[in-house]
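Asker: Chain residues, written in single-letter form:
Protein chains: 2
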Amino acid sequence: MSQATNTFVEQNQNRFLEELKDFLRIPSISTLPEHKPDVQKAAQFVADSLKRAGIENVELIPTAGNPLVYGEWLHAPGKPTVLCYGHYDVQPPDPLELWKTPPFEPSVRDGNIYARGSADDKGQMYMHIKAVEALKAVNGTLPINLKFLVEGEEEVGGSSIAKYVAENPAKLKADAALVSDTALYAEGLPTLCIGLRGLVYMEVEATGPARDLHSGLYGGAAPNAVFGLIELLSKCKDANGVIQVPGMYDDVAPPAAAEKESWQRLPFSEADFLKNEVGSLALTGEPGYSVLERVWARPTLEVHGIAGGFTGAGAKTVIPAKAVAKVSIRLVPNQDPDKIVPAFRNFLADNAPAGIRIELRVLSAGPAIMVDPDNSIIQTAARAFSEMLGKPTVFTRSGGSIPVVGDFANHLGIPSVLMGFGLPDDGLHSPNEKYRLDNYYQGIMTIAHFFEELGAAKK
Amino acid sequence: MSQATNTFVEQNQNRFLEELKDFLRIPSISTLPEHKPDVQKAAQFVADSLKRAGIENVELIPTAGNPLVYGEWLHAPGKPTVLCYGHYDVQPPDPLELWKTPPFEPSVRDGNIYARGSADDKGQMYMHIKAVEALKAVNGTLPINLKFLVEGEEEVGGSSIAKYVAENPAKLKADAALVSDTALYAEGLPTLCIGLRGLVYMEVEATGPARDLHSGLYGGAAPNAVFGLIELLSKCKDANGVIQVPGMYDDVAPPAAAEKESWQRLPFSEADFLKNEVGSLALTGEPGYSVLERVWARPTLEVHGIAGGFTGAGAKTVIPAKAVAKVSIRLVPNQDPDKIVPAFRNFLADNAPAGIRIELRVLSAGPAIMVDPDNSIIQTAARAFSEMLGKPTVFTRSGGSIPVVGDFANHLGIPSVLMGFGLPDDGLHSPNEKYRLDNYYQGIMTIAHFFEELGAAKK
Numbered sequence: 234m235s236q237a238t239n240t241f242v243e244q245n246q247n248r249f250l251e252e253l254k255d256f257l258r259i260p261s262i263s264t265l266p267e268h269k270p271d272v273q274k275a276a277q278f279v280a281d282s283l284k285r286a287g288i289e290n291v292e293l294i295p296t297a298g299n300p301l302v303y304g305e306w307l308h309a310p311g312k313p314t315v316l317c318y319g320h321y322d323v324q325p326p327d328p329l330e331l332w333k334t335p336p337f338e339p340s341v342r343d344g345n346i347y348a349r350g351s352a353d354d355k356g357q358m359y360m361h362i363k364a365v366e367a368l369k370a371v372n373g374t375l376p377i378n379l380k381f382l383v384e385g386e387e388e389v390g391g392s393s394i395a396k397y398v399a400e401n402p403a404k405l406k407a408d409a410a411l412v413s414d415t416a417l418y419a420e421g422l423p424t425l426c427i428g429l430r431g432l433v434y435m436e437v438e439a440t441g442p443a444r445d446l447h448s449g450l451y452g453g454a455a456p457n458a459v460f461g462l463i464e465l466l467s468k469c470k471d472a473n474g475v476i477q478v479p480g481m482y483d484d485v486a487p488p489a490a491a492e493k494e495s496w497q498r499l500p501f502s503e504a505d506f507l508k509n510e511v512g513s514l515a516l517t518g519e520p521g522y523s524v525l526e527r528v529w530a531r532p533t534l535e536v537h538g539i540a541g542g543f544t545g546a547g548a549k550t551v552i553p554a555k556a557v558a559k560v561s562i563r564l565v566p567n568q569d570p571d572k573i574v575p576a577f578r579n580f581l582a583d584n585a586p587a588g589i590r591i592e593l594r595v596l597s598a599g600p601a602i603m604v605d606p607d608n609s610i611i612q613t614a615a616r617a618f619s620e621m622l623g624k625p626t627v628f629t630r631s632g633g634s635i636p637v638v639g640d641f642a643n644h645l646g647i648p649s650v651l652m653g654f655g656l657p658d659d660g661l662h663s664p665n666e667k668y669r670l671d672n673y674y675q676g677i678m679t680i681a682h683f684f685e686e687l688g689a690a691k692k
Numbered sequence: 234m235s236q237a238t239n240t241f242v243e244q245n246q247n248r249f250l251e252e253l254k255d256f257l258r259i260p261s262i263s264t265l266p267e268h269k270p271d272v273q274k275a276a277q278f279v280a281d282s283l284k285r286a287g288i289e290n291v292e293l294i295p296t297a298g299n300p301l302v303y304g305e306w307l308h309a310p311g312k313p314t315v316l317c318y319g320h321y322d323v324q325p326p327d328p329l330e331l332w333k334t335p336p337f338e339p340s341v342r343d344g345n346i347y348a349r350g351s352a353d354d355k356g357q358m359y360m361h362i363k364a365v366e367a368l369k370a371v372n373g374t375l376p377i378n379l380k381f382l383v384e385g386e387e388e389v390g391g392s393s394i395a396k397y398v399a400e401n402p403a404k405l406k407a408d409a410a411l412v413s414d415t416a417l418y419a420e421g422l423p424t425l426c427i428g429l430r431g432l433v434y435m436e437v438e439a440t441g442p443a444r445d446l447h448s449g450l451y452g453g454a455a456p457n458a459v460f461g462l463i464e465l466l467s468k469c470k471d472a473n474g475v476i477q478v479p480g481m482y483d484d485v486a487p488p489a490a491a492e493k494e495s496w497q498r499l500p501f502s503e504a505d506f507l508k509n510e511v512g513s514l515a516l517t518g519e520p521g522y523s524v525l526e527r528v529w530a531r532p533t534l535e536v537h538g539i540a541g542g543f544t545g546a547g548a549k550t551v552i553p554a555k556a557v558a559k560v561s562i563r564l565v566p567n568q569d570p571d572k573i574v575p576a577f578r579n580f581l582a583d584n585a586p587a588g589i590r591i592e593l594r595v596l597s598a599g600p601a602i603m604v605d606p607d608n609s610i611i612q613t614a615a616r617a618f619s620e621m622l623g624k625p626t627v628f629t630r631s632g633g634s635i636p637v638v639g640d641f642a643n644h645l646g647i648p649s650v651l652m653g654f655g656l657p658d659d660g661l662h663s664p665n666e667k668y669r670l671d672n673y674y675q676g677i678m679t680i681a682h683f684f685e686e687l688g689a690a691k692k
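From first to last, the protein sequence lines are chains A and B. Note that our numbering has the first sequence beginning at 234, numbered continuously upward. Note that our numbering has the second sequence beginning at 234, numbered continuously upward.
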């Protein structure tokens, strides 16, 4: 562990924070077309930051969607090459009224920085750049070869990076990818994520009558698009959350006994999880599986939003003609999106209520990913992490999805080091998203240390 | 039938149309608070029109909600008194993009006037005023005593008129009310409506987690407010539309055999109804009941709108914390809202999914209403109607609700003549609402004739 690098980080904390604030002020919401210029601005911010840190050949790569930012530093012959990945786009901030301070005016309170994207993923991605800057400032050089590939469509399930990775394996050739878009399992506990669920994101639209009808004059005879959609979606899961789509569980690979056992040793309190993270009356989910199994290793189906009919203040007595819902299915190892999507489509067709037309639109689809914890670079990362935080590194999974990890595995043949410094209560995708400042600074030091260790090990 | 009155109406058609257009240009949407000034403007328009027609003691009566407009003409001693009711407020026009011409820019096409409120109820209510004007212009006096009470909260289920009727029975004393807020059963077929369904209008709100959660990190363990609401509402009806709330059908009074038989003689084609009015893949509803029975004489439950979670363009992977739906139950004779609401509330509590908090808010509640077709004023109305249109008057019901008819019955002890001139395809509450101009002019003549006949009959 290089004390000089750590000292540099400590001495530059204020500047590193102010720079991150500038980054967080850009509302680069990839889901909303009106924020297209902000998305572009965030890409340029990343490119400029890479150049200032000493990364070379920095370019904005135009795509059908939002630009990719590429850069490289390749002056460590015989040393490993790490491909640093992150995303500069963020989720929409709504519901706005629940934010204590505005989502794009970063605010520091109680040792946290509050802003949309602070943890997911601007704050984490920026650590990679600052680690490079620190190493270069202290040593005048870098211990390994580095490539950067930063995207702006992660939150929108965009396919530009997948296409680029598939078409440019030589340019992106590396020994491993580094992805900081996950969380420590608990504060101070070094954590490497070795499993991610896949995701199929869809829209389901129901059409009933040709136009909205008066519910007095037609109620009892005309089909209702909102009720039809409700009826159909309610059939997708039973009361326990077990998905009713035939074949859904056929290919599910359960975790190995040793992995399940390691999860039992993690500091997890169901009562704390319910009270401090979820905050509902009760937890839900498949009987016979622990919370961690349900979230990490079981497929789930969620309705993320629904809209249809009259939803203003007061009363309007319509039978709505149309209704639409956003629906996703999370996939676990061995489930194939190309089998799951048709199964869901058939289920909708077979169960559509009388008089209701159903249309299914697939917005994105990607399988689950597992990383081999015995890979030597993963082992080096685990060791660097342990040394930095003073505790053995734990291996966990995440119920979330980072599709690019699959692209790196499939097209570049490399594992991803999922070394994230978020915390479970960061509020990703929620109001008042935050990132712990200690983790930001410690993350920069840990990543620098990981690079040093990789450079010291024989390739 | 007074030829002179009819001639006056014919000679003044253009002016009557232009005046109606002025009325329709006022976007008096009672459901939307931002249209409060327009609602006030519409009330003033009615008051001014009454004064110009020769109605006396016209006043705007302030209420907790929107003003009532009152006026009277009481110079026919020994003759009956009719209380003319209507409403000057309208439904919201959304979805706006489906209107061929803007909802508040009246447009005449193919013998119809297109505008929000053209049939429901501005165009119909205005007929009462023009009938008075015609009779006064031709005869210098009126054949009966008249009172007007016009409200601005009908579309919002407001309670101001109910309160006013309950508190002012002496002022409003009359022999019958006249309400033109219904439709001819078919073009050219004189129709008196003698039954209206009641309505309970509610909001059902579901709360899951304390905040929106990331569906990757929590999906499988955290309850989803949107899915919880979907699950709960889907249990309210079976696939045939039979309401599953215990006790829902206990008090339902079926129509008498003679009434059911008379419905079978009405010109009704289920194929036309499906194709030209509803426009869906199929009709729905309780097996064993005809379409007219289902719509007129059976309770129904509808979800008018639902909102929750992310519904913008693209993808957001949240587990929503909140979701809300607008739900109504239509009631038929003998059903008591004071029994139905608690039954529904209990049903929601008993069936709330695990982890989901449910809140029920009742926005309005009123029972079904029946009018006795043998009442002498109803008989006079039927005769005047038959003479004007040249066919026997049919007695029908409506599946809609006009709560004030119940207030007139309960507090004033009078029947309501439900003499409406709309047509089944007028598109009430829908885009491109229209009112047939022939019906507008014929309605004015028929109402004038009804008043003349009432004046000629001995009281």
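Be a bit skeptical, because a hint or two may be false.
As the list claims (entries may be wrong) - With the Cβ distance kept under 8 Å, some of the chain A side facing chain B (calculated, not the full set):
hint, residue
1, Gly-453
2, Val-475
3, Ala-515
4, Pro-520
5, Arg-527
6, Arg-531
7, His-537
8, Pro-586
9, Ser-597
10, Ala-598
11, Ser-609
12, His-662
13, Pro-664
As the list claims (entries may be wrong) - Cross-link-like lysine-lysine pairs, in silico, DSSO-like; alpha carbons within 27 Å at most:
hint, chain 1, residue 1, chain 2, residue 2
14, A, Lys-624, A, Lys-493
15, B, Lys-333, B, Lys-572
16, A, Lys-555, B, Lys-396
17, B, Lys-284, B, Lys-369
18, B, Lys-284, A, Lys-555
19, B, Lys-468, A, Lys-468
20, A, Lys-555, B, Lys-369
21, A, Lys-274, A, Lys-404
22, B, Lys-284, B, Lys-468
23, B, Lys-555, A, Lys-508
24, B, Lys-333, B, Lys-269
25, B, Lys-284, B, Lys-396
26, A, Lys-406, A, Lys-468
27, B, Lys-555, B, Lys-396
28, B, Lys-406, A, Lys-555
29, A, Lys-333, B, Lys-396
30, B, Lys-572, B, Lys-396
31, A, Lys-274, A, Lys-333
32, A, Lys-396, A, Lys-284
33, B, Lys-404, B, Lys-274
34, B, Lys-396, A, Lys-468
FYI, nobody ran anything at the bench for these hints, they're computed from the structure. C-beta: ideal position from N, C-alpha, C; glycine also.
Asker: Decide, hint by hint, whether the structure agrees.
Answerer: The hints, checked one at a time:
no.	hint	in the structure
1	Gly-453	4 Å, holds
2	Val-475	11 Å, violated
3	Ala-515	4 Å, holds
4	Pro-520	11 Å, violated
5	Arg-527	4 Å, holds
6	Arg-531	5 Å, holds
7	His-537	5 Å, holds
8	Pro-586	6 Å, holds
9	Ser-597	7 Å, holds
10	Ala-598	11 Å, violated
11	Ser-609	28 Å, violated
12	His-662	5 Å, holds
13	Pro-664	6 Å, holds
14	A:Lys-624 with A:Lys-493	21 Å, holds
15	B:Lys-333 with B:Lys-572	43 Å, violated
16	A:Lys-555 with B:Lys-396	37 Å, violated
17	B:Lys-284 with B:Lys-369	12 Å, holds
18	B:Lys-284 with A:Lys-555	44 Å, violated
19	B:Lys-468 with A:Lys-468	11 Å, holds
20	A:Lys-555 with B:Lys-369	49 Å, violated
21	A:Lys-274 with A:Lys-404	25 Å, holds
22	B:Lys-284 with B:Lys-468	53 Å, violated
23	B:Lys-555 with A:Lys-508	17 Å, holds
24	B:Lys-333 with B:Lys-269	26 Å, holds
25	B:Lys-284 with B:Lys-396	25 Å, holds
26	A:Lys-406 with A:Lys-468	46 Å, violated
27	B:Lys-555 with B:Lys-396	34 Å, violated
28	B:Lys-406 with A:Lys-555	46 Å, violated
29	A:Lys-333 with B:Lys-396	43 Å, violated
30	B:Lys-572 with B:Lys-396	22 Å, holds
31	A:Lys-274 with A:Lys-333	26 Å, holds
32	A:Lys-396 with A:Lys-284	25 Å, holds
33	B:Lys-404 with B:Lys-274	25 Å, holds
34	B:Lys-396 with A:Lys-468	45 Å, violated
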